[in-house]
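Undergrad: Fit chain B to the known structure of chain A by using the hints.
Respectively, the protein sequence lines represent chains A and B. Position one of the first sequence corresponds to residue 0 (numbering that gives the first Met the number 0), numbered consecutively onward. Position one of the second sequence corresponds to residue 0 (numbering that gives the first Met the number 0), numbered consecutively onward.
Keep in mind that the hints are not guaranteed to be accurate.
To be verified - Cross-link-like lysine to any residue pairs, in silico, SDA-like; alpha carbons within 25 Å at most:
hint	chain 1	residue 1	chain 2	residue 2
1	A	Lys247	B	Gly181
2	A	Lys247	B	Arg182
3	B	Lys222	B	Pro98
Derived by calculation from the structure, the hints in this document are not laboratory data.
2 protein chains.
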Amino acid sequence: MEAARQAGSAPEAVGGIDLGGTKIEAIVTDTSYRVLGNARHPTPTTGGPADVANAMAAALTEAAKAAGLEPAQLLGVGVGSPGSVDSQAGTVARAENLPGWYASFPLAAALASALGTKVTLGNDVGVATNAEFVLGAGQPYRSLLGVFWGTGVGGGLILDGQPWHGRGGAGEIGHTVIVEDGRHCTCGRRGCLEAYAGRGAMELHARSLHEKGEKTRLFELAKEHGRDRLTSGIWERALEHGDKMATKLIDRAVLALGTGIASAVNLLDIEAVIIGGGLGVRFGEPYRDRIAEAMQPHLFNDSRPPAVHLAGLGDLGGALGAALLVAAK
Amino acid sequence: MEAARQAGSAPEAVGGIDLGGTKIEAIVTDTSYRVLGNARHPTPTTGGPADVANAMAAALTEAAKAAGLEPAQLLGVGVGSPGSVDSQAGTVARAENLPGWYASFPLAAALASALGTKVTLGNDVGVATNAEFVLGAGQPYRSLLGVFWGTGVGGGLILDGQPWHGRGGAGEIGHTVIVEDGRHCTCGRRGCLEAYAGRGAMELHARSLHEKGEKTRLFELAKEHGRDRLTSGIWERALEHGDKMATKLIDRAVLALGTGIASAVNLLDIEAVIIGGGLGVRFGEPYRDRIAEAMQPHLFNDSRPPAVHLAGLGDLGGALGAALLVAAK
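Just chain A, same shape as in the assembly (with noise of 0.2 Å):
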């Protein structure tokens, strides 16, 4: 805490962390949330939820130090979590794509001690979406929806002006059900969007028709970038090459979410969708006309369709909207 009381003479700043994973992105802005500085690790792969704590921890301090900066000295640090966040509690539970974290860990009070200022937790596709609503292409919109095409399908929702968190796991759109007793999805059960566009989905089916001798340079190309999954980079990169498997895939995925996306909105008429995630930023604006089409047919007003748009803050969006829970409390 000394930092903090030293520094009079510091720009007031706030930190950032959006924890993914694969990469822990940190950023430090100023009130107006023009990046200072920023850092990526990677998401440690082994360990546990204090292993995960400490390379947060580390990833802000870099960040921190960019922008000339200790972590002290800042406001106060946000962080979008996935898995079941409490941010009364401060804890996070049940966050599967992390190492060892199913039980409940107080990830805001680890955080806090380590960077020796106070920390709030929010849910990372919930933060994501209100940067885009605060700062991105949400700006002209009083409600939308947050599509994040990404490892799952994930959504946040902007009501009248605020953040809909329901009872707090509001913006499961990932889980529309588009065809009963459809595909496996990574959740156990059937039939899901993510089933069908989620990039976890995706290998896992991928895998599945490969080792049934259907063609794909998917793997190949994998293994030639060093990539031990099928990351964006890969998908785009076999789609390049007129990949058949992996095109009938994606094409299968835009589908997917033109569906669950026109569910969503016939039942709430919201004037804007916002489309991020790795997949949705990477692939831009062509895949972002493909999923608009690809909702038309199943608009129930669809003379009157919402306005469609990319990400505008594109991967530092997780890290802003972290940050912009600062200013929130």
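TA: Only chain B this time, still in chain A's reference frame:
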């Protein structure tokens, strides 16, 4: 207007009209929404909007008389209407279950002139949902989804204590896609919940199966009871007779309702679901249980399902919700 001016000693009362495809339900209530008088008239099946407006005025006048009042003595009359309702303009367009009602018709002005009091319009399902929230089974909750299982499958939302209309067209849970490229829906699209669960769609499906030689007593029962359509009562009788086709179609409808409602819960995480509508009210508690059970396999947070209740106001919910529009002005 003379009656209104002379009404110093009359009780303060409001009117509500629920305009359905089959019947017009009119009520007059005191300002605590206790019913003082009501009347039910068949909806005209020929003519146009002006004829429907006349029938509505006649029904409301009869309800007022039963309460010992003239329509012009009412503080106002609310109307829950199908179709595309513009509350501000006082118009209704595209009420496809009503005769000759495609173009916009100034229903509020027509009724105000016939009744001598101000008239406020709302969406039929929206006002019925609000009635359950304010006066019915939804009273303990701040967020709920109303599902009206009848000729179609309509939906209404209360979020954080306020009706949610989106850009004016929210609540179309009947057009949640539950089977991509699935059964043809009466809306012209495919695979919608309503295509499996709406009474209109089920009747078309039953007729088509019957014409292909599949046995059912549904159409005989309708004839025996002097019905030209398969009403809720006819479906109930067929189930009581153990009719195989009726059982199969209703079982399929229950599964479809479970799937579509669960997807909405996954997105919104609302506290409660209220089941109403002609079939919902007729089939009652055993089907409330069955729908809740059919939701369960699709709920992402399956350890914490929302409460599922039957509509508490039964058939009068629509008219009570319409009456609530008067106070809301």
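Undergrad: Can you give the numbers of the hints that this structure goes against, from lowest to highest?
TA: Checked against the structure, no hint fails, so every one of them is satisfied.
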